[in-house]
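Trainee: Position chain U against the provided structure of chain D, taking the given hints into account.
One-letter residues, chain by chain:
2 protein chains.
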Amino acid sequence: MSSPSVPKSQRRVVLANRPAGEPSGQDFRVEEAPVPEPGPGQILVRAIYLSLDPYMRGRMRDVVSYAPVVQIGEVMPGGIVGEVVKSNHPAYKIGDIVEERLGWQEYGVSSGTARKIDPSVAPISTANGILGMPGLTAYFGLFEVGQPKPGDTVVVSAASGAVGQVVGQLAKLAGCRVVGIAGGPKKCAFVTEELGFDACVDYKAGGDLAAAIKAACPDGVDVYFDNVGGPVTDAVIANINFWARVAICGSISQYNSDTTELGPRTPGFFVGRRVTSRGFIVSDFLTRFPFAMARLGKWVRAGKLRYREDIVEGGIAKAPEAFIGLLKGENFGKLQVRVAPEPASLPRH
Amino acid sequence: MSSPSVPKSQRRVVLANRPAGEPSGQDFRVEEAPVPEPGPGQILVRAIYLSLDPYMRGRMRDVVSYAPVVQIGEVMPGGIVGEVVKSNHPAYKIGDIVEERLGWQEYGVSSGTARKIDPSVAPISTANGILGMPGLTAYFGLFEVGQPKPGDTVVVSAASGAVGQVVGQLAKLAGCRVVGIAGGPKKCAFVTEELGFDACVDYKAGGDLAAAIKAACPDGVDVYFDNVGGPVTDAVIANINFWARVAICGSISQYNSDTTELGPRTPGFFVGRRVTSRGFIVSDFLTRFPFAMARLGKWVRAGKLRYREDIVEGGIAKAPEAFIGLLKGENFGKLQVRVAPEPASLPRH
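From first to last, the protein sequence lines stand for chains D and U. With the first sequence counted from 1, adding 9 to any position gets you our numbering. With the second sequence counted from 1, adding 9 to any position gets you our numbering.
This is chain D alone, in the form it adopts within the complex (with noise of 0.2 Å):
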């Protein structure tokens, strides 16, 4: 069974060189691709969203970490939210909004393992977001990692961005005071207006940050949510409380550079407030995922939790340009590329 409107090419965004630095459009490579014929078992998926996310920048480096290197080439990886246009697989049915690991690219097929998407909880790009992996890394690194109790200070970097924004409102609903870091007084007065954090510096306003977030965690910091990394993280941790933990979700700040930038040295000072600080990826909690979803898609139907988008119009060109941006903060709430229209049979929200 096949929908009459796939057509024989696409377009999709590939790796045209290994940035040194700050990446810039010449790195990437739009080029027309056939679109996949899915084989016995698979799916073949129409990108309606595509998501931009910092963690995209370390696979574009010749260093394996915790996942494969980009290869010269090849399809930039990232998660999209898309509609099956083609199955032979018995679970999904041409129309299903799925979202799945497809890449920069237009269309591409899936064996089995796409999440498929309820329409009716939220708006279907909320799966690249507050009901996706930037949601469900809010959720497992502040309450696995971060720990928090009530009556703990919550400081979270990057606070307006796609985990940031639900860390603090989690943080909010765990009975936490919760104080957000954020470039620029728009995004900060979203952060408390739109989200309700108690506060938010802007660390960008100059002046001595350290004390900007003193004055705002008047009883220090007992949980840091850390997405940012360099001279903002060291504002942060000259106020860290005693017994206090640091969840390192991502190091932004540094990861257009290809040297090791220096910093203050912390151990000693981590011994005498014992400080605990923990690096984590949100797919070490992978067997848990369905039941964080189930909490994150009720408060969002409850409007417990709110979330802010930052959809980019042009198609799949536009990535690189949008994602040239994210790392140096230019987006505002969770960033996507719209692919491709929505279905109009899709309910409004």
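Source of the hints: derived by calculation from the structure; they are not laboratory data. Heads up, none of these hints are tricks.
Quick look at which bits of chain U chain D covers, simulated, 3 or more residues with Cβ under 8 Å:
id, stretch
1, 237-249
2, 252-262
3, 265-274
4, 286-294
C-beta atoms are modelled at their ideal positions from N, C-alpha and C, and glycine is treated no differently.
Mentor: Here is chain U on its own, set in the frame of chain D:
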């Protein structure tokens, strides 16, 4: 009841100046002071062994950490093993051997908090070492923070020191491959030949320390027990494994510095490898000291744990010089000062 041999005055060592950087002899002053008279419920203890430990450098700094600052003119803090020479407390009798925090002085009073030592288990000086705070630090730091599993590679810095030598032997009992880091061939030979570590890396040997650690740890480092911080720690972290634990016990390389040294930023690296790093202090595990002490005592008696002490002769006045050497790694084993001779009545071991 009172021993006839107690003099009227004693010698003690006070903080004379706050050192900038490395302490010198002029930062300490040896002075005469009256021997105090124990009040109701108190005992008078004659110090036999004074323990010298890296943490004391932190107390000389005018910065409140987890313990009070030593004021100028105050007696330097420290643990001693000594003999009860007067007792107004029913639980202690003259001649009892005790361990107590009496500081750098020949006599001091205790109000019922002194730990009674059984001289039949091991030489009484061990109550400042393997059967005292350093041994407990090794036990809880390794087992509770480091969480070694059989087959893990455990690396410990300052491997021939008071804590390091115990850490490595405990890790061997736990079925681990154990690699020490120590300064110079004599310490390294002791660590492998006397203590049974699988390998020891000489950080003073020159060359690429990270490469030397890699050669000694072909499967990477699963647990790093960090006593030193600084460049030695950088070289271990370069070899850290996925899911590794870093037990931060101390940062002796930084203790003589009044500014925060810069080092490579590692948080991004810690995400991919899911490293947990945790600072701790032995007193965090206070409620379980008796349990751990019983185990350590049993292993020492059975010859399963060996130890080396570096006992400086010449009385309390030698403490400053010995302590200055400790901060430079000049001691070889658990550093103590013999303040007075042991009572002739003690059992020989």
